[in-house]
Every structure is written in C-alpha cells, then in structure tokens.
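As a plain string of letters, each chain reads:
2 protein chains.
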Amino acid sequence: NGAEGGTIAAHPLSGFELKSVLRDSAREKTIFLHGQVTNVSQVPEDAVVILEKIPFQADAVFNLLKNEPKLKLQLKNDIYGVYHLSPPPELNEIKTTVICPATEKHIKKYLQQEIYLINETEEDYKAITLPFIETQSFSVQWVYNILEKKAESDRIVYENPDSVNGFVLIPDFKWNQKQVEDLYLIGICHQRGIRSLRDLTSDHLTLLKNIFQEGKEAILKRYGIHENKLRIYLHYQPSYYHLHVHFTALGHEAPGCSVERAHLLSDVIQNIESNPNYYQTRTLTYVLREDEVLLKKFRESGMC
Amino acid sequence: NGAEGGTIAAHPLSGFELKSVLRDSAREKTIFLHGQVTNVSQVPEDAVVILEKIPFQADAVFNLLKNEPKLKLQLKNDIYGVYHLSPPPELNEIKTTVICPATEKHIKKYLQQEIYLINETEEDYKAITLPFIETQSFSVQWVYNILEKKAESDRIVYENPDSVNGFVLIPDFKWNQKQVEDLYLIGICHQRGIRSLRDLTSDHLTLLKNIFQEGKEAILKRYGIHENKLRIYLHYQPSYYHLHVHFTALGHEAPGCSVERAHLLSDVIQNIESNPNYYQTRTLTYVLREDEVLLKKFRESGMC
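Top to bottom, those sequences are chains S and H. Each residue of the first sequence is one higher than the last, beginning at 1 in this note's numbering. Each residue of the second sequence is one higher than the last, beginning at 1001 in this note's numbering.
I should point out that these hints are in silico values taken from the structure, not numbers from a laboratory. A few of these clues could be false.
Claimed, not checked - No farther apart than 25 Å at their CA atoms in a straight line, the calculated lysine-lysine pairs in the BS3-like style are these:
1. H:Lys1105 / S:Lys66
2. H:Lys1076 / S:Lys108
3. S:Lys229 / H:Lys1109
4. H:Lys1297 / S:Lys229
5. S:Lys95 / H:Lys1108
6. S:Lys66 / H:Lys1095
7. H:Lys1174 / H:Lys1108
8. S:Lys76 / H:Lys1108
9. H:Lys1109 / H:Lys1296
10. S:Lys19 / S:Lys95
11. H:Lys1229 / S:Lys108
12. H:Lys1076 / S:Lys19
13. S:Lys216 / H:Lys1296
14. S:Lys296 / H:Lys1229
15. S:Lys109 / H:Lys1066
16. H:Lys1076 / S:Lys109
17. H:Lys1095 / S:Lys95
18. H:Lys1105 / H:Lys1126
19. H:Lys1149 / S:Lys76
20. H:Lys1066 / S:Lys66
21. S:Lys19 / H:Lys1149
22. S:Lys95 / H:Lys1066
23. H:Lys1174 / S:Lys76
24. H:Lys1178 / S:Lys95
25. S:Lys76 / H:Lys1109
26. S:Lys70 / H:Lys1095
27. H:Lys1178 / S:Lys19
28. H:Lys1178 / S:Lys76
The structure presented is a predicted model; accordingly, all values stated were derived computationally and were not measured.
Required output: the full structure, derived from the provided sequences and hints.
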C-alpha cells in the first residue's frame, strides 16, 4: 500500500463484512469466504476471499524445532504426546486470494453444498430413486457416441465389441494422460439399459468379469501398470445411468473413491456370486448434495 | 513444563536433531519427521515428530479480516489478487505430536512407501495374515489404558460399560476438537480378543449395533451432529488389532476413508445378518505398503 500516481490505494479488504463461509476444508487448511468490501467510493462490492495456509518447508521446521520452541501440552499417554506450538510469523503465512468485484457465478463456484448420507432401502429404490431416474431425461447420448465411434474413437484404449458382454475402455476426461500417477480410465459396457449397481444380477457376471479382467490386461499392456496398483470400482449413485466402471491409480486419491460412494468391482462380483439379488435387496448408503433433485424426492417422501 | 516432584521436566524436543523427512503433504499442510531427542540422561532417543497446521475457524478469520490485516501483494490480474498475510499467533497454532522413544515400526509407519493392492482370500487369511498377527507383538497397552481409565479418562465422550457388548467413545488423536468440520472419534469395544473385521460373526451383532446406535446418539448430544452427517466405518487392515470403529464428519475426507480400506458399519451389520460367516469366507481387498512385514509374508507365499 501507499501513495501511487497521486492516489492512496485502498486496502483490498477495506471495510470487510462477512456474508457467508462458502467452504471450509479442515483437511486442506483452506477456507472460502463470501464478503463485501467497501472501497473508496463507499459502494459495497461482493468479494470472494480464499485463505490457505502454506505448506511446511523442512529447513524452516528444523530451525524451529532445534531451538526448543514453547510447547503447550494437550495430552500425554505412554510414548505419545500432543502439544500446541506457536511458531514465528515466517512459518505461518497465509496465501490470500481476493476476487473483487465477484459475480454470482464466482460465489456459486466456491459454494460447498451441504451433503447428507442416505440409506436407500430396497423399497426406497423402487418408490423414490427408480421413478426419479425414469422421469429425469438424463442424456447419455455422449456415451452412445463413444460406443458407436461417432466421437472420441481415437481415444479408445481397448474394446471388447460383444454387444452383451463387451465394453469400451477410454481415458476419463479428468486425466490428461501425461503421467500414470493419476491414471483414470472408464470401462463403458456396450449393453444398454443397465442403469446402475441396483440393476446388476448374476445375468451380468460375464460382463463384469470381462471388464475386470480385460480392463486390467489392457492397462498393463498400454501403460505398464500392474493390477496391484489399480483401484477398480463403480459409483453408486453414478453420475450417469449407463453402467460404467472406474479404473484409477491406487496411489491417486481420485475424487469419488471414498467408501460412501465407491464399490470395488471385486466385491460386487463376489456379492452377486453368493447372492444373485444382493444389489436389489440391500440397503445402499450414499451421499446427496443439498441441490440434488433426488434429495428433494427423499425429503418429500419423509425418508430423510 | 516446570518443577514437579522435585525434578525439572525436560523439553520434549530437547537437543532435537533431524534425521530425515518421512513424509511431507503440501495438500494437508502436514510434515512427518524422524529425529533424535537428547533427554536429561544424555542418551539420544529416536522420535517421530508430526507437525500439522490447524484448520481455520470462521470467527477468528472474520475478526482478522475486518481489521485490515497487513497484506503483501504477490500478483494482481483484473479482478484477481493474491497476497501474503501474516496472521496473529492465535490463528496459527501448529498441532505437534511427539512419539518418543519411537521404535523402528513407528518410523516406518510414517515413511511414504510404495503401495500394493492385496486380495486376501479366506485361505490367505488363515495361512498368512492370522499367523502374522499372532506372532507380532503389537502392543495395545494404550487401548487398555483407555478402557481401564488409566489414561485419557477425562476425554471419554460416552461409555457403555458392558464388558461384552459395551464400548468407549473417545476423540481420535487426529482431531483437536475445536471445530466439528473434521470431527473424528473412535469407538473402542470393551471386549478383548476381537482382532478385526475377520473375527466378526453374528455373535457380535449386539456389540456392533450398540456402537452404531449409541455412538450416533452420543455424537448428536455432545456435538449436535446428526447421523446423516457421519461416516461410520471400520478399517481392514486396522492399524491395531483390537476392534474399533471410526466416526468422522461426512464432509471431511479423513485419511483411510477410501474404498480399499474402509468398511461402512451399516454394510458390515447387513452382511453379517445375511451371512453370519461373511467376513470369514470373503476375499477382502486392501492395501499394503512396501515396508510392511505382512506384504513380505504374502510375497514369500507367492500370493502377490
């Protein structure tokens, strides 16, 4: 700050008023705020402010620790001690991003939707979820374009062309294919009408085993990644209702690989082998966001 | 620190010397160090030191921003500005965990390693995993200290004292209890000898349902967090072989909640209800690190 070209630059957060916390990631030590800033013209303007603690640097940490910093004891049990440490300012910068004036679109972009755990019984599926899927016009035209080679045919890594038990293996949009550390491919079945995990029975075991086995072989051949380095799973709910399987690098914490959304294909195959109607009869647990229509349907039915 | 019983307590990091950085997570603002501490007896002891920046708290952040904190401009482009902010000490604590004296196993636990997917059949469990668990002397003394109120008794959130079907609910070490966004509690069963998921049969349904139901109720009562905001699960492999259940905030991507390690307690209960020997007979998939003895055992058996 200071005099520049004759005018005094206003503080970027002058008169800051908090409107809401858009998102708060405890794991990543990052917080996203919506506020208003009042600049020199006295007109409040919307702003998005993102604060992120900076990562540690080993040298600075070592210098800190060797000088016996003040530690406040929180708990001690056997060989384990937990303390609070107040470090010097240079270890503690916060990266601060200010977007101002921010539009409605900026604000929505960073808004974390509330999320809720749903326990969907067999009856809930029939009464709420299935009618929702059937009345919504989810377009899977882009999937059919891939299967019919009308789009992305040059991206196909492997295909089993059988119309009942075959599939296409293709890199996911999220993966730039430049490094295998975040490898992400999708196996899309040729057969139409299998909406999700809920539709799978012993009729689909050959298809599932083909995707599992041939998908692993194709990835080894093309990318040199062995099956013991792959996480192979389905999502429930899926983001589109045409059966597909995710293949991701085991070391990559891909979004959607947590236990409340992902189902390992090896488990799915085992469960169907021991009970052909496992996925029709089981209560399945998943997460819905505040703005999802399906959550509204569950609420209207008084089920959550 | 200070005088206690006539002796002066040494600084927990007295004479700290850094041996190596075991892991450094820029995303999570956490660093894991291996060092040596020289205590009063002048014998250097191995220590693992974990530093983790604390998450933001919205109130404290708002107080900071409205008082026009000093911002150092890094870059400005159109409506986007990036600054460095040096906040006051109270926003900046570092949670410091010291494990001392640390064994080779502690040091290895935090060292970043290659990881491999294991498909453990019923036979593999009996021939490889179970003998491994039985011959290793994993100390769960700290667990018994909690159950017997010899340590951390003031931290207990809830207890069902029944020796067969009861448990203790306690905040996990990873959670500082200051904000519910990263809520993390552990339900530890009173009954001894239940090593893991593999031991669970219909004999344990009452215990499991107690943990599920009473754990949810206790968390609602103490923290105001409803069950549809909780992820409740077991790990397989667990990090210690005394049955325990993880309760984490649904919006918090806690480490170890991915599909290759976590098993939702609601699924576990359902699976045992439909097949009392589900977890004895099923092939279970999990991840092992390069340095784990169990991986070596699988390799020696030619199973991976």
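Violating hint indices (sorted, rising):
5, 20, 21
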